[in-house]
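S.K.: As given, the protein sequences belong to chains A and B, one line each in that order. Oh and the first sequence: position 252 is 251 in numbering that gives the first Met the number 0, straight run, nothing missing. Oh and the second sequence: position 350 is 349 in numbering that gives the first Met the number 0, straight run, nothing missing.
Calculated directly from the structure, the hints in this document are not laboratory data. Hints may be right or wrong, so weigh each one.
As the list claims (entries may be wrong) - No farther apart than 20 angstroms at their CA atoms in a straight line, the calculated lysine-lysine pairs in the PhoX-like style are these:
1) A:218 - A:277
2) A:201 - B:148
3) B:376 - B:264
4) B:240 - B:212
5) A:201 - B:175
6) A:218 - A:97
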Amino acid sequence: MSTAVIEKTNLKLIDVNGRSVSYLEKGTGAPTVYLHGFADVHGVAGDLLPFHDKLAGAVRLIVPAHPGCSGTPDLSDGYDIEDAVFHYLEVFDALGLKEFNLIGHSIGGWIAAEIAVRHPERVKKLGLIGACGLFISGELIADIFMHTQPERGVDYDTMRNMLFGDANAAIAQRYYPNGRGDLDEETRRYEIIRFASFVGFKPPYLYNRSLINRLHRAKMPAAVVWGEKDHFVPRSHGEAYAAGLPGAGKLKVIAGAGHAAQFENPDAVAEVMLELLKG
Amino acid sequence: MIDPVQLYCWHFMSYPHLPADFDEKYDSGWVTVPNKLWDREKSRGLLNQYIDQLAYADELGFDGMVLNEHHQNIYGLMPAPNIIAAALTQKTKRGKIVVLGNLLPLHGNPLRVAEEYAMLDNMSDGRIVAGFAPGSGPETFNYNASSAKSRDQFWEAVELIRRAWTEDGPFAFEGKNYPLRYVNPWPQPTQRPHPEIWIPGARSRDTLTQIAKNGYCYFLSSRSHGKGTGQSMQRFAEVLKAHGDIYLPRRMGILMSTYVGETDKIAQEESREGIWYFLRNCLKGHQRRVGRQLTFGPGVPYIPPAEFRAYLASTDPTTPLLGDTRDWDDLQTSQSIIVGSPDTVYNRFMSVLEHAPVGHLLIQFHMGNMSDESARKSQRLFWNEVAPRLKEATGKRFNELFGADQQKQMEAAK
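This is chain A alone, in the form it adopts within the complex:
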């Protein structure tokens, strides 16, 4: 195992069977892995967000970038969700993590759930925030691939609406502005969409039909959090996760927040997750 710090950013690198995986790390305590989503660290922002800082006050938070994101190399040509899950098992091995807490948002939540049902003995606690990954008939996850295409070449209103409770909120306008945005941020936005299209491009997108019937295997303590105004993954998916995970209580709905609840209301989401991680 070797690690190195990339100049000028806080990104660290770890060698995973010849692949140099980028990750961020902060805090001390119980190892806790966070798998990112779209409007999130690595998905648009280059560094940890206030939500992550709050968690890092209580645990050792490790935040790897998905394949193809923030310098982590692609997996082999045409990889899928199975390859991504196996990739993360190798990342955990390389980091020396035998047991750990696992939190995931959006597409990262999907991967977290896939890992938890396969290796419940390694995942001590599971936190999901607006996780995709389930197939529920008639309850389609919205089409992020089409809606990330701007209207009139420059307008990201529908993309902002999909990821945030309010498309006009300052945070939405800051990270998904109309026209050409910050080059690094636009590139990160592209990278996560590209990753998503490798693992989840099967209409109606971002699901594994088998996952819902496997949730019963993940018996660890769990928390499922959803933004009240999630316009991307319907709340019924959150209800199904909460019902299917034996260790989860009721779905926690964050008033006023959208899909990226941890970004829009870090205090409220961190409170739920810190409660889960306690003890």
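Following the hints, position chain B against chain A.
M.R.: Relative to chain A, chain B alone:
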């Protein structure tokens, strides 16, 4: 001797019966354009009228006819171009039938494409040009063809088809996407070693390399021609050279659109409605800023992140596209749709060929809701009054430019 430029008639087969307020009322002509707008009565005989326009080009003497594949849009009513090609094998006797192309990642098993092209080659007595394309943005959305994966699938499919035509079967194909235990298609194509293969490309150097290495013909995917067309040709020539080959005009083709009338004024009057229908309606969702552009962008992630970043750094998202053309003057500068008298059209075609001496001009005559009469007239005037001059001029020019190169290549082959 090097052949003069080869001239083909390309038909896109657009839907001509949209309501007059289409542009105001609907976001796109692609993927999500509601198919309740299809008028069953008005559309009777439409596809046959289009097929007959292509057959008319063959009668006039064009070197070939061009078809392509599009799905769920008003731009091209040809989701299965091989069906149109089959009709042309029976209606025509002479010209090449260029299918440009079958979108390989959309076919569950590309062996079917090898079989259909082989059938068409037999039915046309060796007149098929086999085009292959990976599909682009619209197919991402309407046909479940993931852009990120389709390049990999595409090149594997091309290899499978080429081997199915050239290697003795049965053999096992150890493909990642299309594994087959027994590859042994009957019938085999008429042409030997196989029908010519044409592949479209735009930005990707990878594509040019594959085309160069395998002896295929490069079709430049662009509707506008200026300096960029010549640069693309130069880039292709460099890639060919790097692979021990040389550029000859027959290795490259481009798309041009035209309307020819007796005078510039007549040509503009007769083509006005069809051209603006084409620009405003058919290109909405494809090459217009208005609406949601589904052809290229972040949701169609087929290039690696570093290439996308370079694209972002070198482009301005507010730059108008062809469908945003404001008026006739604006249209003139894009070198995309060339309208005028035979003299005007000849001169402007030659100015494109000066920069980019390509061997195949694939020419769109019918645009938007253009009448059958106008489309045929434009084809006729082009063939009778423009084509002979283009043939003569390019016959000379190509031999001056490339005659010695070809000679060297032939001697080296001996």
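S.K.: Look at each hint and say if it fits the structure.
M.R.: Tested hints:
no.	hint	in the structure
1	A:218 - A:277	holds, 17 angstroms
2	A:201 - B:148	holds, 12 angstroms
3	B:376 - B:264	holds, 15 angstroms
4	B:240 - B:212	holds, 10 angstroms
5	A:201 - B:175	holds, 18 angstroms
6	A:218 - A:97	holds, 17 angstroms
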